[in-house]
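A.B. asks: Top line first, the protein sequences correspond to chains A and B.
Under the numbering used here, the first residue of the first sequence is numbered 1, with each subsequent residue one higher.
Under the numbering used here, the first residue of the second sequence is numbered 131, with each subsequent residue one higher.
Worth flagging that the hints you see were computed from the coordinates, not collected in a lab.
Some clues are possibly wrong.
[Claimed, not checked] In silico lysine to any residue, SDA-like type, Cα no more than 25 angstroms apart, as pairs:
id	chain 1	residue 1	chain 2	residue 2
1	B	K676	B	V629
2	B	K751	B	K514
3	B	K514	A	G59
4	B	K514	A	S111
[Claimed, not checked] Beta-carbon label-pair distances, calculated as ranges:
id	chain 1	residue 1	chain 2	residue 2	range
5	A	A70	B	W835	47 to 53 angstroms
6	B	I538	A	T32	41 to 47 angstroms
7	A	R42	B	R201	40 to 46 angstroms
8	B	A775	A	A70	35 to 41 angstroms
9	B	A775	A	S23	21 to 27 angstroms
Think of the CB as a built atom: it goes at the ideal place given N, C-alpha and C, for glycine as much as any other residue.
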Amino acid sequence: MRLVVALTAAVLLASALMYTSFSAADPAISPTQLMHEAQPGRSYELTGVVVAHSVRRDGEVLYFNVADRAGADSVPVAYTGTVPDPFREGREVIVTVERGQGGVFRGERNSLITKCPSKYKTAPPSASGS
Amino acid sequence: MAGLGRACLLLALAVCVYGVAAALHGARRQAATTAGGIPADSWIESSRRAVYALALILTVAIAVLEVAFLRNDFSFSTVADTSSRTTPTIYRAAAIWASQEGSLLLWSWLLSLWSSLMLFLSRRRLRAATPYAIAILLGLAAFFVSLMVFYANPFKILSRVPAEGQGLDPLLRFPTMMIHPPMLYSGYTLAMVPLAFGAGALITRSVDAEWIRATRRFAMASWLFLGVGILLGARWSFAELGWGGYWGWDPVENAALMPWLTGTAFLHSIMIQERRGMLKVWNASLVLATGTLAVMGTFLVRSGVLDSIHAFGASTLGVPFVLLIALLIGGSIYLVVSRRDVLRSEHRLDSLLCRESAFMANNLVLVSLCFVIFWGTYFPLISKAVTGQQASVGPPWFNRYTVPLALILVVLSGLGPVIPWRRATLGAARRHLVWPLVVALSTLVVLLVLGTPGRPAALAMFSAAAFTLSVVAGEVLRGARARMAMAGETMPVAVLGLVRRNRRRYGGYTVHVGIALLFIGVAASSSFQHQTQRGLLPGQSAHVGKYTVRYLRPTATVVNDPQNTGATLDLGAVLEVRAKGRRVTLLRPTEGYYASDEAAQGTVGSLIGGQPVSHISMDAKLGGDIWSAIEPNIHTQEFERVVAAGNRVVPPGRPDEALVALAVAARGYLRHPPAAQFNLITLPLVEWIWLGGIVALLGALIAIWPGPLGLRKRARVLLPSGAPADAPAGDLARA
Numbered sequence: 001m002r003l004v005v006a007l008t009a010a011v012l013l014a015s016a017l018m019y020t021s022f023s024a025a026d027p028a029i030s031p032t033q034l035m036h037e038a039q040p041g042r043s044y045e046l047t048g049v050v051v052a053h054s055v056r057r058d059g060e061v062l063y064f065n066v067a068d069r070a071g072a073d074s075v076p077v078a079y080t081g082t083v084p085d086p087f088r089e090g091r092e093v094i095v096t097v098e099r100g101q102g103g104v105f106r107g108e109r110n111s112l113i114t115k116c117p118s119k120y121k122t123a124p125p126s127a128s129g130s
Numbered sequence: 131m132a133g134l135g136r137a138c139l140l141l142a143l144a145v146c147v148y149g150v151a152a153a154l155h156g157a158r159r160q161a162a163t164t165a166g167g168i169p170a171d172s173w174i175e176s177s178r179r180a181v182y183a184l185a186l187i188l189t190v191a192i193a194v195l196e197v198a199f200l201r202n203d204f205s206f207s208t209v210a211d212t213s214s215r216t217t218p219t220i221y222r223a224a225a226i227w228a229s230q231e232g233s234l235l236l237w238s239w240l241l242s243l244w245s246s247l248m249l250f251l252s253r254r255r256l257r258a259a260t261p262y263a264i265a266i267l268l269g270l271a272a273f274f275v276s277l278m279v280f281y282a283n284p285f286k287i288l289s290r291v292p293a294e295g296q297g298l299d300p301l302l303r304f305p306t307m308m309i310h311p312p313m314l315y316s317g318y319t320l321a322m323v324p325l326a327f328g329a330g331a332l333i334t335r336s337v338d339a340e341w342i343r344a345t346r347r348f349a350m351a352s353w354l355f356l357g358v359g360i361l362l363g364a365r366w367s368f369a370e371l372g373w374g375g376y377w378g379w380d381p382v383e384n385a386a387l388m389p390w391l392t393g394t395a396f397l398h399s400i401m402i403q404e405r406r407g408m409l410k411v412w413n414a415s416l417v418l419a420t421g422t423l424a425v426m427g428t429f430l431v432r433s434g435v436l437d438s439i440h441a442f443g444a445s446t447l448g449v450p451f452v453l454l455i456a457l458l459i460g461g462s463i464y465l466v467v468s469r470r471d472v473l474r475s476e477h478r479l480d481s482l483l484c485r486e487s488a489f490m491a492n493n494l495v496l497v498s499l500c501f502v503i504f505w506g507t508y509f510p511l512i513s514k515a516v517t518g519q520q521a522s523v524g525p526p527w528f529n530r531y532t533v534p535l536a537l538i539l540v541v542l543s544g545l546g547p548v549i550p551w552r553r554a555t556l557g558a559a560r561r562h563l564v565w566p567l568v569v570a571l572s573t574l575v576v577l578l579v580l581g582t583p584g585r586p587a588a589l590a591m592f593s594a595a596a597f598t599l600s601v602v603a604g605e606v607l608r609g610a611r612a613r614m615a616m617a618g619e620t621m622p623v624a625v626l627g628l629v630r631r632n633r634r635r636y637g638g639y640t641v642h643v644g645i646a647l648l649f650i651g652v653a654a655s656s657s658f659q660h661q662t663q664r665g666l667l668p669g670q671s672a673h674v675g676k677y678t679v680r681y682l683r684p685t686a687t688v689v690n691d692p693q694n695t696g697a698t699l700d701l702g703a704v705l706e707v708r709a710k711g712r713r714v715t716l717l718r719p720t721e722g723y724y725a726s727d728e729a730a731q732g733t734v735g736s737l738i739g740g741q742p743v744s745h746i747s748m749d750a751k752l753g754g755d756i757w758s759a760i761e762p763n764i765h766t767q768e769f770e771r772v773v774a775a776g777n778r779v780v781p782p783g784r785p786d787e788a789l790v791a792l793a794v795a796a797r798g799y800l801r802h803p804p805a806a807q808f809n810l811i812t813l814p815l816v817e818w819i820w821l822g823g824i825v826a827l828l829g830a831l832i833a834i835w836p837g838p839l840g841l842r843k844r845a846r847v848l849l850p851s852g853a854p855a856d857a858p859a860g861d862l863a864r865a
């Protein structure tokens, strides 16, 4: 009896988790995919590199372009909210965006994350040194 | 010196391998001879000494690295990467754990210290389980030491010694960051001790409560250190990162929270096993899960498998860690399933209304919380496996589940202490719960009458916390009154005497008080905060909540930044905060600019070419904080012109002249300040989070502290076996 109650509760929680997470999650997407696949009204988690000389601030809004790591296509983003300290041109960022007007993607407020720059990355084990 | 460090690592690995072999061999010999009063097997004693030796060797290794950091020995690759002459000395001393290899060394060192402590304390106990526990602890140590030997060597020498290091990441130049990683790692490594002894008890089928009693303090200490680490991390996030939050459901935060939650569940459910011989399967699973989650936490931070502000990029440590975690999970499942015959419960639940069932409910809520967080944290990997596309869930998803679960948890933390063991009567429940219920309801009514805006979850949390606080207050008062009547003590003496005699119980109550205060702070500061982000020129103002914030004047310092973090340039603002026409406070947020090692940026440009870091400024009061951060604009024509001119004029190797040029640029900035971006936040009651955290941690200390020796001896005489030696006297009378 207790086992049945406990298992039912566990199954209910698990299915709620599954349902809500799969329906609410923002798919991670590259700039190229975003350009071709983005549907209006749906938000995406855009990952890419900030294009050099593309950062511009106009009042509260920060404009920048995000490109594929390979560097081919780039999409313009208009973002408001907190800008993390390590945000720079050429760095990899993650930002939640939605298709806006005029081909510009609107960044969700305070959703910008900057990956730590390569300086703090561990070097692959190579023959250098010791 | 690097040679010595390297030799230490190789020796450490050899000692680990020897110790594992000796422990397993000794265990087999011990099992072959009949158990009883025979002296401990010499092989097991030898493996125990191997653990002590490991602690000694790793202490030497970490000392070698520490000396290299303090002496600016840039021939060490890790010193050149994470330290520099301009890094202040206190931060140089803590730079070991800024790098992958240094963190691994710290992990192994702490593991060897805690293992040694446990093995020394239990040298005359737990004879059967000890050799397996030693083998597991040394096996884990061997894993981490081999990572350093084969993948991330902290003693790697550079063939060309640079004149200057790259410096410690400025984001880490913050006082709590010096102790946050050792605290977290202590929590993680302390969790390995109950894991090892729990597994040892399962292997040898000696699953009475003895291993739990022997390792309980370690489980509590692990819980305490993890808690301190989590709090310090939240504090760092709030006071150093420029976003104004203390918790973002970031994978690395979650990684530390998950073992803390299962550890909390464990600390409650072991009381049921100690007292009633129930829930053995559950406890064994919890202790193994806590240890595994602790290893997974380390893995998450060090592998870069998930995106987070802590993601340190691609790492090579993924595969070995996945293997270790698979081994831990597989081994845990095998042990629990194969030993289920001896893990059978000695009693059945007598009634639904008893402390046992309250504890079980608390356990279910805690484990559900952990499961929700686990699902959300690893969801990018799950969705990638299921749909082929990586997707992630954000804070709103987490909050949807964690808020109601946290509410239930706070109510249970009030209910648990007043429901008696085995069977509660309605009359007794009424006596204990009437007043707390009255307090909770009146809190709700008062808040509604005062017209607090409609945030049902926050209001519910305030009432739940009021309930829990008044339950604990009632319990303490009742106990103190009894002592006052019996011994004629005054109130404070009676309360002190009460706590001193029942440390574990009143320590636990204190933790409940702290958690209730913490949740009041979380609910208030998240539900009723105001945020304004605005660009301002000197003289202009912005509104945030009930305050008006005015940008009075810009500030600039070259080299001697006010926070002493080694910033070469520090630009900021003086902000005047007014409410109802009166000045409340002055805030001075700044942004620090740091030197980079990129020569291409020019002699002056490279002085500020590193990563800028926001130094926030806040006015912290018990009623609420006013928080401010600034993002100055140094990309004005005037500023860039001065820097470019400086780059042309100042030759390399003349740092003083470059600084003069920087001072000229800074003066220009002060004379014609461009608009700066401000982030202003008011957070009511946010200080209660830190206050509650400190209270909870004090409570844990009270519970861990060894009881008075005389009392323990007396208890042991009274209770030859079975019952815990340091059980609270009040509970004994009731049991």
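A.B. asks: Given the hint of 41 to 47 angstroms, check if I538(B) and T32(A) actually sit that far apart at their C-beta atoms.
C.D. replies: For T32(A) against I538(B), whose Cβ atoms are near 46 angstroms apart, the range 41 to 47 angstroms holds.
A.B. asks: Are K751(B) and K514(B) close enough, with their CA atoms no more than 25 angstroms apart?
C.D. replies: violated (45 angstroms)
A.B. asks: Taking the Cβ atom of R42(A) and the Cβ atom of R201(B), is their distance within the range 40 to 46 angstroms?
C.D. replies: Given a distance of about 56 angstroms, which is not inside 40 to 46 angstroms, the answer is violated.
A.B. asks: Given a hinted range of 35 to 41 angstroms, is it respected by the beta-carbon distance of A775(B) and A70(A)?
C.D. replies: holds (38 angstroms)
A.B. asks: Quickly compare the C-alpha distance for K676(B) and V629(B) to 25 angstroms and report which way the hint goes.
C.D. replies: The hint is violated at about 43 angstroms.
A.B. asks: Are K514(B) and G59(A) close enough, with their CA atoms no more than 25 angstroms apart?
C.D. replies: With a Cα-Cα distance of about 38 angstroms, the restraint between K514(B) and G59(A) is violated, given a limit of 25 angstroms.
A.B. asks: Can you let me know if the beta-carbon spacing of A70(A) and W835(B) is within 47 to 53 angstroms?
C.D. replies: violated (59 angstroms)
A.B. asks: Could you check the hint for me, namely that A775(B) and S23(A) are 21 to 27 angstroms apart, CB to CB?
C.D. replies: violated (57 angstroms)
A.B. asks: Is K514(B) close enough to S111(A), meaning Cα to Cα at most 25 angstroms?
C.D. replies: Holds, at roughly 21 angstroms.
Hints 1, 2, 3, 5, 7 and 9 from the earlier list are contradicted by this structure; the remaining hints agree with it.
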